[in-house]
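J.: Generate coordinates for the entire structure from the input sequences, incorporating the hints supplied.
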Amino acid sequence: MDEIDFVSIEKKWQKTWEEKRVFEISEDSGKEKFYVLEMFPYPSGAGLHMGHALNYTIGDILARFKIMKGFNVLHPMGFDALGLPAENAAIKAGVDPEKYTNDAIENFVKQQRALGVSYDWSRMVNTANSEYYKWDQWIFLKMLEKGLAYQKEASVNWCPKCDTVLANEQVNEGKCWRHEDTDVEVRKLRQWFFRTTEYAEELLNDLERIDWPERTKTMQRNWIGRSEGTEISFEISGGEPQISQISTDKVILVDAVHCLVDEKGNVNQELKNYLDSLPNRKIVLTMAPKSKFDLFFGKVKDYEIFTTEFNPKKSSPKYYEKVLEEFNLKKENVVYFEHSEDGVDSAKSLGIDVVPYNGDVKKVKEFIDSKIKPQISANARESGNVWKVFTTRPDTIFGVTFMVVAAGHDKLDELVTNEQRLAVDEYLRKMNSVSEKDIERREKEGVFSGSYAVNPANGERVPIWIGNFVLADYGSGMVMGVPAHDKRDFEFAKKYGISVRQVVTNKDPLDFKNRYTGKEAFVDDGVLMASKQFSGMSSLEAKTDITNWLAGKGNAKRVVNFKLRDWGVSRQRYWGTPIPIVYCDGCGAVPVPEKDLPVVLPKEVKFGKGNPLETNSEWLNCKCPKCGGKGRRESDTMDTFVNSSWYFLRYADPKNSKKIFDFDKVKYWNPVDVYIGGAEHACMHLLYSRFYVKFLRDIGALDFDEPFLKLFHQGMLHAEDGRKMSKSLGNVVEPIETMKKYGVDATRWFLISVASPDKDFDWSEKGILGATRFIKKVFEFYDSFVGGKDSEELVSKLNLCIKNIGNYYDSFEYRKATIEIRELFGELEKGCSKDSGLKFLKLIAPICPHVAEELWEKIGEKGLISVASWPKVDEKVIKNKGQKISGEGLNEKIVERIKGILKSDTKKVYVYVMPFEIGQIDKEKILRDIRDSKLDIREVAVFAVNDSTKIDPAGRANKAKPGMASIYLE
RNA sequence: GAGGAGAUGCCGGAGUGGUCAAACGGGGCAGACUCAAAAUCUGUUGGCUUCAGCCUACGGGGGUUCGAAUCCUCCUCUCCUCACCA
Numbered sequence: 013m014d015e016i017d018f019v020s021i022e023k024k025w026q027k028t029w030e031e032k033r034v035f036e037i038s039e040d041s042g043k044e045k046f047y048v049l050e051m052f053p054y055p056s057g058a059g060l061h062m063g064h065a066l067n068y069t070i071g072d073i074l075a076r077f078k079i080m081k082g083f084n085v086l087h088p089m090g091f092d093a094l095g096l097p098a099e100n101a102a103i104k105a106g107v108d109p110e111k112y113t114n115d116a117i118e119n120f121v122k123q124q125r126a127l128g129v130s131y132d133w134s135r136m137v138n139t140a141n142s143e144y145y146k147w148d149q150w151i152f153l154k155m156l157e158k159g160l161a162y163q164k165e166a167s168v169n170w171c172p173k174c175d176t177v178l179a180n181e182q183v184n185e186g187k188c189w190r191h192e193d194t195d196v197e198v199r200k201l202r203q204w205f206f207r208t209t210e211y212a213e214e215l216l217n218d219l220e221r222i223d224w225p226e227r228t229k230t231m232q233r234n235w236i237g238r239s240e241g242t243e244i245s246f247e248i249s250g251g252e253p254q255i256s257q258i259s260t261d262k263v264i265l266v267d268a269v270h271c272l273v274d275e276k277g278n279v280n281q282e283l284k285n286y287l288d289s290l291p292n293r294k295i296v297l298t299m300a301p302k303s304k305f306d307l308f309f310g311k312v313k314d315y316e317i318f319t320t321e322f323n324p325k326k327s328s329p330k331y332y333e334k335v336l337e338e339f340n341l342k343k344e345n346v347v348y349f350e351h352s353e354d355g356v357d358s359a360k361s362l363g364i365d366v367v368p369y370n371g372d373v374k375k376v377k378e379f380i381d382s383k384i385k386p387q388i389s390a391n392a393r394e395s396g397n398v399w400k401v402f403t404t405r406p407d408t409i410f411g412v413t414f415m416v417v418a419a420g421h422d423k424l425d426e427l428v429t430n431e432q433r434l435a436v437d438e439y440l441r442k443m444n445s446v447s448e449k450d451i452e453r454r455e456k457e458g459v460f461s462g463s464y465a466v467n468p469a470n471g472e473r474v475p476i477w478i479g480n481f482v483l484a485d486y487g488s489g490m491v492m493g494v495p496a497h498d499k500r501d502f503e504f505a506k507k508y509g510i511s512v513r514q515v516v517t518n519k520d521p522l523d524f525k526n527r528y529t530g531k532e533a534f535v536d537d538g539v540l541m542a543s544k545q546f547s548g549m550s551s552l553e554a555k556t557d558i559t560n561w562l563a564g565k566g567n568a569k570r571v572v573n574f575k576l577r578d579w580g581v582s583r584q585r586y587w588g589t590p591i592p593i594v595y596c597d598g599c600g601a602v603p604v605p606e607k608d609l610p611v612v613l614p615k616e617v618k619f620g621k622g623n624p625l626e627t628n629s630e631w632l633n634c635k636c637p638k639c640g641g642k643g644r645r646e647s648d649t650m651d652t653f654v655n656s657s658w659y660f661l662r663y664a665d666p667k668n669s670k671k672i673f674d675f676d677k678v679k680y681w682n683p684v685d686v687y688i689g690g691a692e693h694a695c696m697h698l699l700y701s702r703f704y705v706k707f708l709r710d711i712g713a714l715d716f717d718e719p720f721l722k723l724f725h726q727g728m729l730h731a732e733d734g735r736k737m738s739k740s741l742g743n744v745v746e747p748i749e750t751m752k753k754y755g756v757d758a759t760r761w762f763l764i765s766v767a768s769p770d771k772d773f774d775w776s777e778k779g780i781l782g783a784t785r786f787i788k789k790v791f792e793f794y795d796s797f798v799g800g801k802d803s804e805e806l807v808s809k810l811n812l813c814i815k816n817i818g819n820y821y822d823s824f825e826y827r828k829a830t831i832e833i834r835e836l837f838g839e840l841e842k843g844c845s846k847d848s849g850l851k852f853l854k855l856i857a858p859i860c861p862h863v864a865e866e867l868w869e870k871i872g873e874k875g876l877i878s879v880a881s882w883p884k885v886d887e888k889v890i891k892n893k894g895q896k897i898s899g900e901g902l903n904e905k906i907v908e909r910i911k912g913i914l915k916s917d918t919k920k921v922y923v924y925v926m927p928f929e930i931g932q933i934d935k936e937k938i939l940r941d942i943r944d945s946k947l948d949i950r951e952v953a954v955f956a957v958n959d960s961t962k963i964d965p966a967g968r969a970n971k972a973k974p975g976m977a978s979i980y981l982e
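Per this note's numbering: the first sequence = residues 13 to 982.
Do not take every clue at face value.
[Said to hold, decoys possible] Pairs of lysine to any residue residues, derived as SDA-like cross-links and limited to a Cα-Cα distance of at most 25 Å, are as follows: (1) Lys854 / Glu804; (2) Lys531 / Glu503; (3) Lys400 / Glu378.
[Stated by the list, open to error] Computed spacing ranges between beta-carbons, pair by pair: (4) Asp40 / Arg827: 30 to 36 Å; (5) Gly548 / Lys499: 24 to 30 Å; (6) Glu31 / Lys200: 57 to 63 Å; (7) Arg33 / Asp772: 36 to 42 Å; (8) Lys111 / Glu165: 32 to 38 Å; (9) Lys670 / Arg735: 47 to 53 Å; (10) Arg33 / Glu157: 36 to 42 Å; (11) Asp772 / Gly580: 48 to 54 Å; (12) Ser142 / Asn430: 53 to 59 Å; (13) Thr627 / Lys671: 44 to 50 Å; (14) Asp772 / Thr556: 44 to 50 Å.
Hints listed in this document are in silico derivations from the structure and should not be mistaken for laboratory results. From the three backbone atoms N, C-alpha and C, an ideal C-beta is built for every residue, glycine too.
T.: Okay, here's the thing in structure tokens:
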């Protein structure tokens, strides 16, 4: 058998499709549209990699299938051509970025064409073309008009040697990627932002309406990060630190249970009243039976009761040590309450304060009062300086022992007192180095600001710290520290010796596992304690009640916060869309009028020091559009994600020079029905595009809410060794090579037949050989094709396949399609009619378009299979493989099987069948038939497997299957 | 830490209550062709076997059911994403 010349077959059909403009389409109101889109690539000099090939193949199969199903299919391709690599190539090799980009695009197109993808090339979009980015600028102006584009100071990575801003990817361990000896600095620059937060709520809610992978939607939800909580106002009072509140941390260790409750169960009311009167936190640690304490305290409210097992040998020093250790208590924080002599001695030997109890409550009071300093009620100065704080746990407000403000907060200086100035400055210097910022899981650090805040719930003054774990741009940039009930606060408080006050206890006091131990924060919801009138309330209730209570005093309100930040679009880079703004001394930042768009990137620029736009005075200097005076262009360009946020709209009308696009054309084609691309864009491109569409809708350019109705992520393709394909590992497989060696269709077949296309998989040389083998087999079969007759099985199988494979193509279950195609081909090989042969070709055409065309022609068909219609399913001829065997057949089968296993001494036969089959069984007939061969069979008993009265000595009933009775002989 | 996805025979990977010892591919083994190999084709590929069936199997334990790879429950392990968001 001669080698099949796949290369010339491919060329032949690619040329035909191009010449006949098979895939160039236009609006047709009589046809239902379908818009298939693959993410457009960044045209890198390296050309197509296998991941691209997979991406395009997945889209192409769907597009081709939809064409055959009679849809008017829009399947375009373009290039995300602005971006860093072109600029870097320019810096490194002195290549003109535009030339670099155009060469790369040319190479890409060549390779994409070679893959046989059904793109409408007449609609190609290139974002580096000023005819495209003109409309980026137009959108920018519209946003500006609506107040959705604005300027503010923001931090950037700055390399002093490059004299430019670096992208995050260009900073390695705090050093510049090009100057490894240079520390990158954090600088504040005035930058442009898009107000994505304006749409936060809608971006979140509309996720429910689109058919996207759940994990991607979850990622966006987390990214948007909506949380409901309370904003609480804290008054600031600077100046002198007052007596700290730390000493209320004392734990009263009660061992003498009968001090509290006597033998008869009478509560020592005097002592109880006293303990109840103690301020704030009161913890009673007991080693006595819980029941006695319940009597004493009634319901657990302001007390945290640590109970340990009753232990007769408890008075030994060792035992106390163990107890202290178990509850993570320091002996200096414990006041011990005891009556027995050895208990007192043991405690004293450990250096614990002991209250010897002999029935005199007065003495106890005096002693405890001397050890526990009463809470100093802070008299907040009416300074009028109020800071707001966001919290999702207003129920813990009584547990606030400090505040933390972000190191990068704008108004930080207002809090820093003269005494603390030096310490704070030193701390901030440390924080500002990027290397500090980059360290993973860096420790919580902070410094006291010198100021205090007044807790509106209890009037307490608490110190305000400056900390690195608080984000300046989330909430208000300040948090209330509740160390007992927040992990971070706890860590911070422990590090700096700030007091910890428990205000929430577990619901079940006997739950030893899940409660506040003092070793770590107790972050679960529970029951409030030491929280004034809210003590005893559940966290859930308290969240509402405390918020309402504070709101009533004008100190709080319910708010919703988002993690989502506004999108900073300024890039101090050359190869991007220029921001259409001119700065004028008199008029400030003036937008370039629409009629003057596009602001085109200058061609002649000098790379080397910083952003080349900044040193290009010819381009930079211009007239102020407002006053006509001296103006200076904005030298920052836009983030490249701006370009990709709306390109899918431009495909509908790619050459329009008057408008961003014709609204009616966009209305016809959009939204995108199926969008295919990598999962790595979940939170950037896919979110920005949704934002853009919502904005364009609001200015009347669109009439839909979401850009991509359905989203599909292809899996990652690894090298044969299971590792990532990379040049340095030398394991890269180039699609262009593979296509040459095995043919395009085999490559396409392989890519989608190894695994479900949404799963990761490894390249396999054996695998592609298998694909090639199959395609050759198909080719050879048709090569000598003479129509024959269809078997009943074939007709059934063929129609089932038409139905199933169609569904598979629709739902990206391509791997299953290849499996059924192989099975069907196995049937076909046994002989088939010409009609069936043609239908089979149609089934494989979306995956293997070149071979399908070639064989279609060879077999004598006119026209192109690419635009032929998908075969109709004849449901009637599909034999149901689950079809029930008729009563007749069932009985015969049973007889046959009984005969097969009959023994010479068999007297009785038990037959077990499925419950729904029992009615079809003819007992008499079975008996008659087996008697023919063996006369002394006396009885045949038939049971349904679920019959509870059945006789089944050998447990055979559970072996029965539909159509397959189980038999037991006796 | 939070969220998501998984665990099937030598391997990749179907299978979501009964015709499942488990599709399809790869690999292995045997045979055909050949001087021989590659390619191709045929058969076979859990164990025991009187080819009827029995036993052991779909990460591990427990459960539901006449019946579980498939449903419930607990456990173990793997992968991915975001991570100091108050």
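J.: With reference to the structure, classify each hint as holding or not holding.
T.: These are the hints, each one checked on the structure:
1. Using a Cα cut-off of 25 Å, the hinted pair Lys854 and Glu804 holds, with the two alpha carbons roughly 20 Å apart.
2. Of the pairs offered as hints, the one joining Lys531 and Glu503 holds, with about 10 Å between alpha carbons and a cut-off of 25 Å not exceeded.
3. For a cut-off of 25 Å, the pair hint linking Lys400 to Glu378 is broken: about 41 Å separates their Cα positions.
4. A beta carbon spacing of about 33 Å between Asp40 and Arg827 agrees with the range 30 to 36 Å that was offered as a hint.
5. Checked against the hint of 24 to 30 Å, the pair Gly548 and Lys499 passes, with Cβ atoms roughly 25 Å apart.
6. A hinted range of 57 to 63 Å holds for the C-beta pair Glu31 and Lys200, which are about 59 Å apart.
7. For the pair Arg33 and Asp772, the beta carbons lie near 38 Å from each other, so the given range of 36 to 42 Å is met.
8. At about 37 Å, the beta-carbon gap between Lys111 and Glu165 stays in the expected band of 32 to 38 Å.
9. The beta-carbon spacing between Lys670 and Arg735, approximately 51 Å, falls within the hinted interval of 47 to 53 Å.
10. At about 41 Å, the CB distance of Arg33 to Glu157 agrees with the hint of 36 to 42 Å.
11. Between Asp772 and Gly580 the CB atoms are about 33 Å apart, so this pair departs from the stated range of 48 to 54 Å.
12. Against the hinted window of 53 to 59 Å, the Cβ-Cβ separation of Ser142 and Asn430 comes to about 56 Å, which satisfies the hint.
13. Distance hint for Thr627 and Lys671: a CB-CB separation of about 35 Å, inconsistent with the stated range 44 to 50 Å.
14. Judged by the Cβ atoms, the range 44 to 50 Å given for Asp772 and Thr556 holds: they are separated by roughly 46 Å.
Hints 3, 11 and 13, counting from the list given before, are not met by this structure.
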